[in-house]
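K.L.:
Please model the complete structure; the sequences and the hints are all you need to start from.
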Amino acid sequence: MEHQPRSIPEMAEREKQLVFAAAERYPRYYPHAENATLLFSNFLKSIDRDRFVFAMFLSLAKKHHTLALLSTVRLHRVQAMMDLRQVLEAGASAAFAIANPEQEHFVQTDDLGILEASQKLAKKRHAWLDEHYPGGSKFIKREKEIINPLMAHANLLAAQINFETNHQRGSFEMNFFDAEDAYLVKSDLWLVGNIAIGLLELFYGVNQGPGVIKFADEFESRLSKLSDESETLAEEMKQDERYRQTEQFLQAASSTAPDVP
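No gaps in the numbering here: position 128 of the sequence shown is 133 in my numbering, and each next residue is one more.
Worth flagging that the hints you see were computed from the coordinates, not collected in a lab. Treat the hints with care, as some may be off.
Said to hold, decoys possible - Calculated cross-link-like contacts (lysine-lysine; reagent style DSS-like; alpha-carbon spacing at most 25 Å):
no., residue 1, residue 2
1, K219, K68
2, K50, K230
3, K146, K125
4, K129, K146
5, K68, K50
6, K129, K149
None of the values given here were measured: they were computed from a predicted structure.
P.N.:
Below, the structure is given as structure tokens:
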């Protein structure tokens with residue numbers, strides 16, 4: 006068993022080492038995810054001032070996307086997936102706000118005059134995306150379905166990734182870092198990249214009408230290259246038996262579990 010840090014500075018130092026070694030540990034997968042994260046964080050040249058709601062949701066999505074990348078290579082899988090769920094939800098609202106910038110689509114005032122973000126408004130935004138951008142809406146729902154069965158809420162399957170029984174010492178090991186599983190880390194790095202690509206494609210599509218966003222130079226060529234890389238990595242992962250097992254599990258889970266908002 007790898008030595009587990011016993012102090013906060015020691016934990017931080019170990020996380021730094023894991024990040025700096027990520028490209029060597031996961032060649033192709035980490036550089037792809039990193040490049041997708043960098044494009045997601047730097048794809049804008051300008052935004053019209055009245056689209057400040059879009060900018061707010063984009064800021065939230067960018068932050069959690071970068072955290073998801075870092076959490077993945079720092080071996081905190083649950084945290085990474087929770088971050089990606091934030092990215093998807095913020096990304097959906099950001100896409101909606103490109104065409105619908107009015108604040109009343111996102112918050113309403115309760116009987117006490119306090120602003121609240123209601124699920125009723127969220128459902129209306131999702132319905133709008135379903136109607137006007139069904140491909141992007143379906144993408145967001147599909148990615149959330151990957152995350153929700155295992156990582157949206159605490160469960161025994163998620164709990165086992167940083168826990169082990171040490172029979173030799175007769176003890177339970179409750180570790181800060183997950184047990185490193187190369188297949189899972191690579192699949193999560195691919196997911197980080199794929200979510201960035203899907204949301205960027207959605208933003209670009211919604212903006213075709215209002216034209217309130219100016220994209221960075223070479224945005225289209227960089228996004229196209231990332232998309233090609235993503236497809237190549239996906240095909241590689243599909244050859245692994247664990248991929249097929251995971252697909253079967255997700256299909257069974259999505260057909261029997263209630264919807265997770």
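K.L.:
Are the Cα positions of K219 and K68 separated by 25 Å at most?
P.N.:
holds (21 Å)
K.L.:
Against the 25 Å threshold, does the CA-CA distance of K129 and K146 hold or violate the hint?
P.N.:
holds (15 Å)
K.L.:
Taking 25 Å as the top limit, are the C-alpha atoms of K129 and K149 close enough?
P.N.:
Holds, because 18 Å separates the two Cα atoms, which is no more than 25 Å.
K.L.:
Does the structure keep K68 and K50 at a Cα separation of 25 Å or less?
P.N.:
Roughly 18 Å between the alpha carbons, so the hint for K68 and K50 holds.
K.L.:
Do the alpha carbons of K146 and K125 lie within 25 Å of each other, as the hint requires?
P.N.:
holds (17 Å)
K.L.:
For K50 and K230, compute the direct alpha-carbon distance and say whether it is at most 25 Å.
P.N.:
holds (20 Å)
No hint from the list above goes unmet by this structure.
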